[in-house]
Amino acid sequence: MKKYTAINDIENLSDTIQKAIQLKKNPYQCTHIGQHKTLVMLFFNASLRTRLSTEKAAKNLGMQVSVLNVTNAWNMEFEDGAVMNLNTSEHIKEAAKVISQYADIIAVRAFPTLEDKEKDRAETVLNSFVKYATVPIVNMESATDHPLQALADAITITETKTVAKPKVVLSWAPHPKALPHSVANAFIHLMHRMEVDFVITHPKGYELDPEITKQFPIEYDQQKAFENADFIYAKNWSSFNDYGNILNEDPNWMITQEKIGAAKFMHCLPIRRNVVAEDAVLDGDNALVIEQANNRTFAAQIVLQEILTHL
Amino acid sequence: MKKYTAINDIENLSDTIQKAIQLKKNPYQCTHIGQHKTLVMLFFNASLRTRLSTEKAAKNLGMQVSVLNVTNAWNMEFEDGAVMNLNTSEHIKEAAKVISQYADIIAVRAFPTLEDKEKDRAETVLNSFVKYATVPIVNMESATDHPLQALADAITITETKTVAKPKVVLSWAPHPKALPHSVANAFIHLMHRMEVDFVITHPKGYELDPEITKQFPIEYDQQKAFENADFIYAKNWSSFNDYGNILNEDPNWMITQEKIGAAKFMHCLPIRRNVVAEDAVLDGDNALVIEQANNRTFAAQIVLQEILTHL
Amino acid sequence: MKKYTAINDIENLSDTIQKAIQLKKNPYQCTHIGQHKTLVMLFFNASLRTRLSTEKAAKNLGMQVSVLNVTNAWNMEFEDGAVMNLNTSEHIKEAAKVISQYADIIAVRAFPTLEDKEKDRAETVLNSFVKYATVPIVNMESATDHPLQALADAITITETKTVAKPKVVLSWAPHPKALPHSVANAFIHLMHRMEVDFVITHPKGYELDPEITKQFPIEYDQQKAFENADFIYAKNWSSFNDYGNILNEDPNWMITQEKIGAAKFMHCLPIRRNVVAEDAVLDGDNALVIEQANNRTFAAQIVLQEILTHL
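These protein sequences, in sequence, are chains A, B and C.
Going left to right, the first sequence walks through residues 1 to 311 as my numbering numbers them.
Going left to right, the second sequence walks through residues 1 to 311 as my numbering numbers them.
Going left to right, the third sequence walks through residues 1 to 311 as my numbering numbers them.
Read the hints as simulated data drawn from the structure, not as lab findings.
Using N, Cα and C, we set each Cβ at its ideal position, and we do this for glycine too.
Hints may contain errors.
Restricting the straight-line Cα-Cα distance to at most 35 Å, the calculated cross-link-like pairs of lysine-lysine (DSBU-like) are [claimed, not checked]:
hint: 1; chain 1: B; residue 1: LYS93; chain 2: A; residue 2: LYS165
hint: 2; chain 1: A; residue 1: LYS93; chain 2: C; residue 2: LYS93
hint: 3; chain 1: B; residue 1: LYS259; chain 2: B; residue 2: LYS214
Sample of chain A residues facing chain B (criterion: CB under 7 Å; computed from the structure) [as the list claims (entries may be wrong)]:
hint: 4; residue: LYS25
hint: 5; residue: TYR28
hint: 6; residue: LEU269
hint: 7; residue: PRO270
Can you build the whole structure from these sequences, using the hints too?
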């Protein structure tokens, strides 16, 4: 692997999932592979799971890790040809090349503006690092994607499924804040790669990018979508068409134990209890959310290992 | 040891103190014990000594360390059953379980509100971690206690005392800001466990939690309390009865060289010079404050070592 | 080396440069020298290059590294005898002694106020650490100096020069913010130690501290200064005489490709494109800025190595 910015950077997904599951059994089997290698983790946004799991994954491989909250330093310029006489202090051209000299792999987290749709879809921050850095880039959640979460979800589903081709539902759920589309997009990208029967459900107006969803059915009736589901993946996102806005917070879309029945419940976390899903769901036996978070370590570790192997 | 949230988690205190003193002579005698073990340090509040000494202690044992300023991420919810539609993004139930998967030990710093007395006394943050985490918790100063400081103080007194049962005085001292009771409480808890003649002195109105102080004499005349003292431990705290408020900043309670005479002077630091204690005290030969801070490393190291031994 | 607060702490500069160039070929030749040694990096100001390169250098030597943003903790007091009843919580006397117990080397970054000229020239923060710490201090950019940058620049010039005694020009360049004098000063201190023909050029009113520049010619005509230059080092600084103020942002002083011709272009970064230097300069073959940043690692590493050798 030369970089990991999207799930499609993984050539053989089921093979990678199996390797991650093997790693999970003994995370310290390759502590030599990262010797004298440095991971620089750059955060343009806050992080808990991604920060701790990716750092742990790198250290499990014997890497050195530097964590930098970029916003503690200064604003970066991403526009080509900009006259930098305002509030940006360093151009990504220099920043990416310079950091590449201190790092063997650079991991980047940079959320969308949720205001400038075209800028967000262009993945300006992530793609600028890909363009100008001279070392591999790992996406720790970008404007429109979150492939480390998707890989962790793939591991979780693979470990848990009891039928060859499970029914998986991605359901919008209410939330008081306008949230990115990245986790939903990443999960849909993943569904393209897995042997599943996949349905998306959300209120009208919450359609995601049609380029991403076009091969999958959209069912506006949540309860109908949930029928015979094996896995229900809940996530809030703001409107894509009315970009970045909250159209409604309809509490009827909250995930309840009654609704999910025997289906497994998935969410990337953090989750707002009794808004996105009720306590009974999260405290119930069918919730996979803690294991999903656990698998973040092994998703990150197999990705870093594959990249290190090809340095 | 299964956790370290209070000095009473130590079964045999004098034995632990002796082990810490042995560690101090050669801090690298157990660099294998922490191999492939991770300490996650979570800060809800600022830290200098605790951060650096605990991180160093963990690394001396060969542990990996991740430091996370929680307030850089998002607000956590601690109330059971909360409908999280306001400003909290993640419930402690998920956070504690998730972090437990990335950590072998979790260390937490979370100061009191100094506004909500019952919430502070309930130790909501610390106890929620104890309740929901699946790995041992270390208290890096909580709403009402600071047992790593107390253990460092125990080491310092043990190394310094010249009589079997020294007279120790805990004295309130002035300060311009409303401060927590945690260090004072921790020191009093320690005094219960040591062979000492212990007196507390403070202006009227600054009585600490009577549940904690009840077995010890309170002397409102500072100079009388200081008579024949071997150790004088100074600390400011805000009122417990008139909760979290400053009743006076009476400069007559400042510790002076004349007042302490031949007694050793202790303080947990940071200390406001010429407010809590005058320069002559801190620059004098009887000040133990720098050695107390040094012993923080070995207090943390013996605690982590004991916990690692019982994982 | 007992500390590294100025380039003159290096006794034999050309020897040190050659050692750094050797280190660059194999950065992992001395991973034992830092074993069980801790570098504490204290930041009073933001950092990207210095943070990552110095951390990497220390880890290349096998050191443990703790990074602390001091401003996340509390304000420190530097005045002797201060009555600390205002907004400072810890005196440097305690802080420096305490941190010295957790560190084998302390590295400090503390920018100038650009308001109080005498305080800045006194290097209050850096010199207080030198005075009160009991371990060696490394300057990661202080109020008036930046010797790690200067050493990286020395390595870069040595690697690049094609004549025994190159002509080197330090040129002021425009910038929208008032900037420190530290990089310019550090470069001038370096020029004293290298075999170069050195000229300083800037608009009238931007004279630097005459104590530092006195042995070198100042040429107010930029183009004249650039004639036959081998290296052009660009940097903005605010006025020294009209202390900390911006007198003009004359865009005619921006560095252009036409102006520099065949000369190599140097800058410490971060650089504002099309304000300090035009894109064509930074994207051209004569720009050394990325390599200067790369050499920051080896400058830091040889400094730490020399200090560790003499502990």
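Checked hints:
Distance hint between B:LYS93 and A:LYS165 is fulfilled; the C-alpha atoms sit about 32 Å from each other, no more than 35 Å. This hinted pair does not check out: A:LYS93 and C:LYS93 have alpha carbons roughly 42 Å apart, beyond 35 Å. Our distance criterion of 35 Å between C-alpha atoms is met by B:LYS259 and B:LYS214, whose separation comes to about 26 Å. Annotation: A:LYS25 was flagged as interfacial toward chain B, and the flag is violated, the nearest CB pair being 14 Å apart, outside 7 Å.
The criterion of a C-beta within 7 Å of any C-beta in chain B is met by A:TYR28, whose closest approach is roughly 5 Å, and the hint holds. Look at A:LEU269: its Cβ gets to within about 6 Å of chain B, closer than 7 Å, so that hint holds up. At its closest, the beta carbon of A:PRO270 sits 3 Å from a beta carbon of chain B; the interface hint therefore holds under the 7 Å criterion.
Figure legend: structure checked against the earlier numbered hints; hints not met, in rising order: 2, 4.
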